[in-house]
Each structure stands twice: as C-alpha cells, then as structure tokens.
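Make the full structure from the sequences, and use the hints.
Number of protein chains: 4
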Amino acid sequence: MSKIETPVVILNVKAYQESMGKNGLALAKACEEVTEESGVSTIICPQQFDLGWIARQVKIPCFAQHLDAKDVGSATGWVLPETAKEAGAQGTLINHAEHRITIADIDALITRCQTLGLTNVVCTNNIQVSAAVASLNPDMIAIEPPELIGTGVPVSKADPDIVTGSVTRVKEINKDVVVLCGAGISTGEDVKAAIELGTAGVLLASGVVKADDPKTVLLDLVSGI
Amino acid sequence: MSKIETPVVILNVKAYQESMGKNGLALAKACEEVTEESGVSTIICPQQFDLGWIARQVKIPCFAQHLDAKDVGSATGWVLPETAKEAGAQGTLINHAEHRITIADIDALITRCQTLGLTNVVCTNNIQVSAAVASLNPDMIAIEPPELIGTGVPVSKADPDIVTGSVTRVKEINKDVVVLCGAGISTGEDVKAAIELGTAGVLLASGVVKADDPKTVLLDLVSGI
Amino acid sequence: MSKIETPVVILNVKAYQESMGKNGLALAKACEEVTEESGVSTIICPQQFDLGWIARQVKIPCFAQHLDAKDVGSATGWVLPETAKEAGAQGTLINHAEHRITIADIDALITRCQTLGLTNVVCTNNIQVSAAVASLNPDMIAIEPPELIGTGVPVSKADPDIVTGSVTRVKEINKDVVVLCGAGISTGEDVKAAIELGTAGVLLASGVVKADDPKTVLLDLVSGI
Amino acid sequence: MSKIETPVVILNVKAYQESMGKNGLALAKACEEVTEESGVSTIICPQQFDLGWIARQVKIPCFAQHLDAKDVGSATGWVLPETAKEAGAQGTLINHAEHRITIADIDALITRCQTLGLTNVVCTNNIQVSAAVASLNPDMIAIEPPELIGTGVPVSKADPDIVTGSVTRVKEINKDVVVLCGAGISTGEDVKAAIELGTAGVLLASGVVKADDPKTVLLDLVSGI
Numbered sequence: 019m020s021k022i023e024t025p026v027v028i029l030n031v032k033a034y035q036e037s038m039g040k041n042g043l044a045l046a047k048a049c050e051e052v053t054e055e056s057g058v059s060t061i062i063c064p065q066q067f068d069l070g071w072i073a074r075q076v077k078i079p080c081f082a083q084h085l086d087a088k089d090v091g092s093a094t095g096w097v098l099p100e101t102a103k104e105a106g107a108q109g110t111l112i113n114h115a116e117h118r119i120t121i122a123d124i125d126a127l128i129t130r131c132q133t134l135g136l137t138n139v140v141c142t143n144n145i146q147v148s149a150a151v152a153s154l155n156p157d158m159i160a161i162e163p164p165e166l167i168g169t170g171v172p173v174s175k176a177d178p179d180i181v182t183g184s185v186t187r188v189k190e191i192n193k194d195v196v197v198l199c200g201a202g203i204s205t206g207e208d209v210k211a212a213i214e215l216g217t218a219g220v221l222l223a224s225g226v227v228k229a230d231d232p233k234t235v236l237l238d239l240v241s242g243i
Numbered sequence: 019m020s021k022i023e024t025p026v027v028i029l030n031v032k033a034y035q036e037s038m039g040k041n042g043l044a045l046a047k048a049c050e051e052v053t054e055e056s057g058v059s060t061i062i063c064p065q066q067f068d069l070g071w072i073a074r075q076v077k078i079p080c081f082a083q084h085l086d087a088k089d090v091g092s093a094t095g096w097v098l099p100e101t102a103k104e105a106g107a108q109g110t111l112i113n114h115a116e117h118r119i120t121i122a123d124i125d126a127l128i129t130r131c132q133t134l135g136l137t138n139v140v141c142t143n144n145i146q147v148s149a150a151v152a153s154l155n156p157d158m159i160a161i162e163p164p165e166l167i168g169t170g171v172p173v174s175k176a177d178p179d180i181v182t183g184s185v186t187r188v189k190e191i192n193k194d195v196v197v198l199c200g201a202g203i204s205t206g207e208d209v210k211a212a213i214e215l216g217t218a219g220v221l222l223a224s225g226v227v228k229a230d231d232p233k234t235v236l237l238d239l240v241s242g243i
Numbered sequence: 019m020s021k022i023e024t025p026v027v028i029l030n031v032k033a034y035q036e037s038m039g040k041n042g043l044a045l046a047k048a049c050e051e052v053t054e055e056s057g058v059s060t061i062i063c064p065q066q067f068d069l070g071w072i073a074r075q076v077k078i079p080c081f082a083q084h085l086d087a088k089d090v091g092s093a094t095g096w097v098l099p100e101t102a103k104e105a106g107a108q109g110t111l112i113n114h115a116e117h118r119i120t121i122a123d124i125d126a127l128i129t130r131c132q133t134l135g136l137t138n139v140v141c142t143n144n145i146q147v148s149a150a151v152a153s154l155n156p157d158m159i160a161i162e163p164p165e166l167i168g169t170g171v172p173v174s175k176a177d178p179d180i181v182t183g184s185v186t187r188v189k190e191i192n193k194d195v196v197v198l199c200g201a202g203i204s205t206g207e208d209v210k211a212a213i214e215l216g217t218a219g220v221l222l223a224s225g226v227v228k229a230d231d232p233k234t235v236l237l238d239l240v241s242g243i
Numbered sequence: 019m020s021k022i023e024t025p026v027v028i029l030n031v032k033a034y035q036e037s038m039g040k041n042g043l044a045l046a047k048a049c050e051e052v053t054e055e056s057g058v059s060t061i062i063c064p065q066q067f068d069l070g071w072i073a074r075q076v077k078i079p080c081f082a083q084h085l086d087a088k089d090v091g092s093a094t095g096w097v098l099p100e101t102a103k104e105a106g107a108q109g110t111l112i113n114h115a116e117h118r119i120t121i122a123d124i125d126a127l128i129t130r131c132q133t134l135g136l137t138n139v140v141c142t143n144n145i146q147v148s149a150a151v152a153s154l155n156p157d158m159i160a161i162e163p164p165e166l167i168g169t170g171v172p173v174s175k176a177d178p179d180i181v182t183g184s185v186t187r188v189k190e191i192n193k194d195v196v197v198l199c200g201a202g203i204s205t206g207e208d209v210k211a212a213i214e215l216g217t218a219g220v221l222l223a224s225g226v227v228k229a230d231d232p233k234t235v236l237l238d239l240v241s242g243i
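Protein chains in written order, with the numbering used here: chain A, 19 to 243; chain B, 19 to 243; chain C, 19 to 243; chain D, 19 to 243.
What the hints contain is simulated information worked out from the structure, not anything from laboratory work.
Note that beta-carbon positions come from the ideal geometry of N, C-alpha and C, so glycine has one too.
Treat the hints with caution; some may be incorrect.
To be verified - Going by beta-carbon spacing under 8 Å, a handful of chain A positions derived as facing chain C:
1. 118
2. 121
3. 124
4. 150
5. 153
6. 154
7. 155
So, in structure tokens, the structure goes:
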C-alpha cells in the first residue's frame with residue numbers, strides 16, 4: 019500500500035530542456051522547499067537518466083516516469099522496477115499518455131511494484147478505462163484526457179464530468195484506490211477545483227516546468243489545497 | 019567524431035541485479051581502476067536510472083545503454099540524447115539486440131549524437147547489416163550475433179568470419195568507422211582474438227557483471243590488448 | 019450488441035502453414051459443415067491476408083485475428099475495423115496473447131466495433147485483467163492463461179479457478195459480457211468442462227489447425243456442447 | 019530476383035475509405051486496364067484484409083503493404099511473407115514511412131522474400147538510409163521523404179537532390195537495385211521528372227486513391243513514361 023500522503027501534487031518533468039540535469043535537480047529542490055513551507059505533499063518524477071542522482075539529494079519522494087515490464091537480466095536499455103527502487107525511487111507513473119503499455123503489462127507492473135513497496139500511479143484517458151484499471155488494484159489512478167495535456171486548459175474546468183465520473187466508478191470497484199487528475203492544471207484554483215471534484219490531488223508538467231519561476235507556481239498550486 | 023581511445027573494452031551492465039545502484043557504481047569503479055592500472059581504455063554503460071549518478075563519480079566514459087529518437091519535450095519516460103549528455107554521458111549504444119529500433123531512428127540518433135558530441139556505437143547482427151549501418155556514418159559498429167549473446171562462447175571463436183567479414187565490408191564503405199565485436203566475450207584470450215580479427219575492441223556484459231570478482235575478469239580482459 | 023449465438027467454438031487459425039490460403043479455406047468449410055451438421059455455432063478467424071477471400075465463401079461468421087486502432091486513411095499495412103467489416107468480417111479478436119495492445123486501444127476498438135456492428139472478443143490473461151476488461155463493455159472476453167496456450171493441457175483442467183474466477187468477476191461488473199475460455203482446448207470433454215465452469219464456449223487454435231483431420235476434431239469439440 | 023518490368027507505377031492504396039473492399043477491387047481493375055491499354059507496368063498494394071481476394075481477380079501483380087518478421091506458427095494477427103505468397107501476392111512493400119521496422123527485420127524479410135520469390139520494395143527516407151538499405155540487397159528501394167507524403171508536392175520537384183543522390187549512392191553499393199521514388203507524385207509530369215532523375219518508376223497513393231476518376235489519373239501518370 020502507498021505511504022504517500024494525500025492530497026498530493028505530482029510533478030512529471032517529462033523530457034523538457036528545462037528539466038534536464040541541474041534544471042531537474044532545481045525543480046526537485048523547489049518541490050522540496052514548497053513541501054517544507056506549506057506542509058503539502060509533493061512528488062517529483064525526474065527524467066529517467068537523472069532519477070538516481072536526484073533521488074539521493076531530496077527528501078520528497080521521487081517517482082520514475084515509466085517502467086518496462088521486462089525481467090531483471092538481459093534487458094539492455096529497459097527500465098525496471100527493481101532498478102528504480104535501488105536508485106531511490108518511491109514509486110512510478112505507469113501508462114502515461116505519452117508512453118502507453120499493454121493491459122497485461124500494467125497488471126504485471128502493479129503487482130511487481132507492490133512487492134517492492136513502490137507506489138504506482140496508473141494514468142487513464144477516460145471514465146471506463148479508469149474503472150477498468152481500478153480492477154487491477156493500483157495505488158492511484160490519474161485521469162488525464164489526452165486532448166487537454168499541455169494545453170493549460172484544466173480538465174477540472176473543461177471536462178469536470180470525466181473527473182467525477184472516474185472518481186465514482188473507481189470507488190465503486192475499489193474504494194482504496196486514490197484518484198488524481200491531470201491535464202491542463204497550472205494554478206491553485208485548478209487544484210482546488212480538482213479536490214472539490216473528489217480527487218486527492220493532481221499530476222502536472224509543463225505548467226511548472228516551463229514557468230519562469232517554478233517555485234512561485236508550485237506555491238500557488240499547493241495554496242489550492 | 020569520437021574521442022574514445024582504442025582499443026577499448028565496453029561494459030554493458032544491462033539490467034542485472036548485480037549491476038543496480040551501488041553494484042553498478044562498484045562495476046564502474048572497477049573499470050576505472052583497471053584503466054588506471056593498465057592504461058587500456060574502458061567504458062561503462064550503467065543502468066539507465068543510474069546514468070547521471072554514476073557518470074558524476076567516475077573518470078572513465080559512461081555511455082547510455084539505449085536512446086529513444088523522440089523530440090525534446092513531451093516525451094514522458096523516454097530517454098533522450100540531450101538528457102544523456104546533460105547527465106554526463108559521453109556516448110551511447112544504439113540498436114542493441116535487446117532493444118532494436120528502426121533504421122530511420124538509427125540514422126536520426128547518429129546525427130543527433132554527432133551534434134551533441136556523443137560517441138555512438140551501433141550494434142549489428144550480421145555482415146550485411148554491419149555494411150548497411152556503415153553508410154549511416156556511425157562512430158563505431160559492434161557486431162554481435164544474437165545467438166551467441168550471454169553464452170560465454172566467444173564470437174571470435176564460434177564465428178570469426180562474421181567478424182572479419184564485417185570489418186572488411188564496413189571499411190570498404192566507410193574507413194573511419196571503428197569496428198568492435200561482442201557476444202560471448204569473457205577472457206583476455208577472447209579479446210586478443212577479437213583484435214587479431216581486425217576489431218578495435220569488444221562489447222561485453224554478463225562475463226563481467228555476473229563474475230564473482232569483476233575486477234579480476236576485467237584485468238584479464240585488458241591483458242588481451 | 020453481438021448477434022453471435024452461444025455456446026460457440028471460435029477457431030483462431032493463427033499463422034500456421036496448415037492454415038494459409040486453400041488450407042485456411044478448407045478449415046473454414048470444415049467449421050461450416052460442422053455447424054450445419056451439429057447446429058452448434060462456430061466462428062473462424064482466417065489469416066489476415068485471407069479474410070476477405072474466405073469471408074465471401076462461407077456462411078459461418080469470420081472474425082479478424084487482430085485490429086489496429088489507427089485512423090482510416092494514411093495507415094499503410096495496418097488493419098482497420100472498417101476494412102474488416104467491408105471484407106465481410108462479423109467480428110474480431112482483440113488483444114490476443116500473441117498480439118497485445120494498450121488498454122486505451124482496447125477501449126477505442128471496442129467502441130469502434132460497436133459502431134460498425136462487429137462483435138468483439140477481448141483476450142485476457144488472468145482474473146483481474148478479465149475484470150478490468152469487463153468495465154470496457156466488450157461483447158465477449160476470452161480468458162487464456164498464456165502459459166497454457168498451445169500445450170494441449172486444457173485450462174479447464176489445469177486451472178479451473180481462473181475460469182470460474184473470471185466468470186464471477188466479469189459478471190459482477192457487467193452481466194451482459196459473454197465469457198469464453200481458451201488455451202489447451204482440444205477435445206469435446208474440454209469444451210464440456212469449459213461450459214460447466216460457466217463459460218459460453220471456447221477459443222482454440224492448434225488442436226484443430228494442426229490435426230490430421232480437422233473436421234473430426236471439430237465434431238468431437240462440438241459434441242461437448 | 020524481381021521479375022517486375024520497369025518502369026513501373028506502384029499504387030499503395032493505404033487504409034483509405036476509398037480503397038476498402040469493392041473500392042479496392044475497382045482500383046486494382048483500373049490499374050489492370052491501364053496496363054493493358056498503355057503497356058506500362060503497374061502494381062497494386064491492396065489493403066491487407068483484401069489481398070487474397072483481389073490478387074485472385076487481377077492479372078497485374080499485387081503486393082502486400084507490409085509484412086511482419088514473425089515465424090510461421092503462433093503469430094495471431096501478424097502478416098507473414100508465406101501467407102502473402104499463398105494469397106497470390108508477388109511482392110511487398112517493406113518499412114513504409116507509416117510502418118517502420120527494425121534494420122534486423124528489414125534484412126530478415128528481404129532474405130525471406132527472396133527465398134519465396136516475392137519482390138521486395140524497401141522504403142527509405144533520405145540518401146544515407148537508401149545507401150544503407152542497398153547493402154541489404156533488396157530488389158527495389160523507394161525513396162520517400164516523409165514530410166512530402168500526401169502533400170501533392172512531388173519529391174521530384176521539391177527535393178530532386180534526394181532522388182539523384184539516392185540513385186547514385188545506391189548504384190555505387192549495389193548496381194542491381196532498382197530505385198523508385200515516392201511522395202507527392204500525382205501527374206504524368208511528376209513521373210516523367212522521376213524517370214529523368216534516374217529512377218525506374220514511382221510509388222504513390224492518395225493522388226490516385228482519392229481522385230474522382232482514378233483511371234484517368236493513372237492514364238495521365240503512365241503517360242509520363
């Protein structure tokens with residue numbers, strides 16, 4: 019079971035120029051400071067090559083952006099749950115809209131993460147897929163309509179029904195699953211709306227990563243909680 | 019153009035339990051010591067999550083095990099040349115037998131690595147594929163018959179013609195390309211045989227990673243040069 | 019909604035030498051004769067290149083073995099629901115163990131098949147994945163433990179709990195979904211056992227395709243119903 | 019070795035609504051009529067589900083749009099060279115811009131096609147990839163800059179150097195390889211320009227498939243030869 023405190027703001031830094039290497043570390047430090055100052059739980063998902071380096075330097079949880087369901091061993095270039103754990107990750111995103119995997123692999127990764135004590139956040143694209151994933155017993159589900167990702171138009175405003183519908187259907191199937199929402203989130207008001215729609219937090223990326231002053235944006239975001 | 023000195027021994031640590039986290043760092047340190055003691059060039063390819071952490075702690079070159087030909091930006095969980103560079107990598111494997119990519123992506127990654135100053139080593143599976151890749155102007159080609167990978171039966175003994183054939187065909191097309199060989203290499207004798215067949219070094223994995231004493235194996239390997 | 023009569027025997031001819039071209043047509047004709055003689059519903063999934071040719075020559079339903087969730091248009095070499103429909107298919111397998119797809123694509127294909135009037139059969143590998151797929155409202159789910167496929171050891175004997183568990187969980191979530199089972203089925207006794215475990219039929223392949231006399235095997239299979 | 023007469027016009031009908039089922043057959047018949055009337059060699063690549071059905075009804079060669087490098091046998095939904103051959107195909111496209119495959123698979127498919135007597139046409143995206151593929155000994159190479167596909171802007175006008183460069187480099191490596199060009203071709207003038215640049219024909223799609231009167235467009239196209 020996840021030991022992540024909710025509500026939570028998860029920052030996926032993707033593969034932006036603004037989040038590589040030292041920039042990625044600065045973003046992680048900004049999250050850490052915001053958590054210290056506000057008491058609100060934040061999580062950062064560094065770029066894959068930076069995970070081990072950043073996870074050893076911040077106190078907030080670091081998550082992998084993606085894992086591959088390959089066996090430990092001869093798997094050149096693939097990223098495994100066991101290596102993420104060893105690198106200091108406390109969890110992972112699974113099945114992000116930019117990195118979809120098969121349903122059999124989602125299922126296998128959830129099981130493997132649970133064995134390792136890695137918190138898993140499975141991304142979904144609509145209400146019925148959220149309901150489907152709930153049957154696989156993930157720790158968290160992040161509903162993100164792909165068409166809103168990166169737009170700055172928050173899902174909580176553009177399509178509140180997909181959020182409340184996901185929360186309702188997921189809880190019917192498995193009340194222990196934590197539901198987050200993502201796509202277009204960039205302000206404290208968006209986060210507040212997401213919480214009011216029944217989620218336990220948000221997953222976001224460009225709104226922070228590409229901001230002139232990420233810490234200020236993060237402070238605004240957590241003010242919505 | 020590559021600044022890697024040849025002959026060279028490249029250690030791909032794959033995704034073994036024995037090469038995760040601290041074990042991976044110990045393998046990198048062993049390579050570093052062997053290079054210092056022997057003067058022979060070694061390169062390590064850490065697990066992807068460990069790249070940035072290990073690259074900052076050793077003087078020998080660290081290479082990525084694999085790169086994805088995605089654009090910088092919204093590419094959650096994908097591993098980019100730009101991030102590898104920023105993490106401290108000096109090069110990368112491309113198209114390993116366990117992680118094949120399209121020919122268009124091999125071509126695009128070679129170009130992108132050259133722009134970034136990352137040395138690229140493209141893996142191939144037979145003579146005509148080696149010849150084909152030579153036209154794409156990589157820095158290095160590592161010929162590895164997939165059926166010999168992980169067997170301990172060295173390609174230099176089991177199939178010397180594939181090595182000499184690759185060297186000949188590659189040099190005909192592009193004399194600047196450095197040719198290595200891999201698969202089944204585990205002793206100094208294997209390395210010596212590889213050099214005598216016209217290669218500039220070897221790519222290996224399990225023979226070192228799974229050894230009781232990797233440094234001793236590495237010292238034996240470089241003794242073949 | 020599916021117009022397929024149950025109980026049903028679905029024959030997936032895969033890509034065997036014994037099921038290409040004329041051999042594939044002969045297998046379809048054998049299914050047709052068995053349905054005529056026994057009154058039991060059979061369905062054939064011809065090799066993809068043979069679909070349009072075979073579907074125009076038999077009265078039993080022909081299903082595609084797989085569909086891609088690509089848009090109609092510039093999709094060279096991909097296989098679309100709309101083309102399958104036009105070719106005479108009445109349905110399709112989705113997410114077979116040998117051709118897994120993402121959960122978002124399973125969801126999209128189910129919706130698209132419903133619009134086109136194509137019956138969809140989604141393959142699953144364990145109880146929780148069966149439950150998950152039930153939330154996507156497929157017409158049918160075929161539970162097939164991958165480790166039993168092609169063994170001749172019937173799932174109904176080797177792992178009856180995975181069958182009854184899938185039936186129970188699927189019906190809880192969506193009572194309209196028809197549950198089949200597959201993997202290792204080759205005799206009428208296996209089919210009888212599958213029906214007794216609560217399924218509405220079976221999905222099978224090598225047991226018929228590689229038989230000396232497929233029609234005799236099919237007659238034995240339907241005798242279990 | 020290919021028995022296809024050149025110059026040749028290859029029509030890839032892709033997965034358009036206008037090329038499914040009966041529409042696909044009508045396009046094949048139009049090609050057949052144009053070949054009969056003009057004496058110019060044409061080839062059609064029907065949609066995959068239609069291949070066996072159309073190949074049995076026209077005298078011109080039918081090619082698969084794509085093949086998978088899977089072994090004959092348990093390969094549900096994959097499309098194999100052996101099945102294409104049995105369905106009546108005389109050849110195949112390989113590595114189309116909309117369906118890229120690995121270099122190892124291109125190599126394996128070329129060899130397998132040669133064994134089966136299937137003519138192979140490997141698509142490439144630039145000069146060095148054309149040169150690379152030439153080392154794999156394909157029957158034909160079709161150079162198609164991806165950014166021009168479907169634009170109506172002919173590669174022969176927009177980027178003649180990529181065509182002449184490909185012809186030169188390919189012939190240097192393997193003078194027996196036939197070079198075609200594609201992308202944006204829609205008139206006899208485009209075909210004439212392609213031939214003058216040293217190619218032996220063209221590969222095209224939307225310009226014919228989406229035309230109000232495909233036969234008229236085809237007649238214009240072959241007039242360029």
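Here is how each hint holds up against the structure:
With a cut of 8 Å, the hint placing residue 118(A) at the interface with chain C holds, because the nearest CB-to-CB distance is about 4 Å. The interface hint given for residue 121(A) is met, as the beta carbon of that residue sits about 4 Å from the closest beta carbon of chain C, less than 8 Å. For residue 124(A), the shortest C-beta to C-beta distance to chain C is roughly 6 Å, which falls under 8 Å, so the interface hint holds. Hint status for residue 150(A): holds, given a least beta-carbon distance of 4 Å to chain C, under 8 Å.
Hint status for residue 153(A): holds, given a least beta-carbon distance of 4 Å to chain C, under 8 Å. Against a cut-off of 8 Å between C-beta atoms, the interface hint on residue 154(A) holds, since the closest Cβ of chain C lies about 5 Å away. Taking 8 Å as the C-beta contact cut-off toward chain C, the hint placing residue 155(A) at the interface holds, the least distance being around 7 Å.
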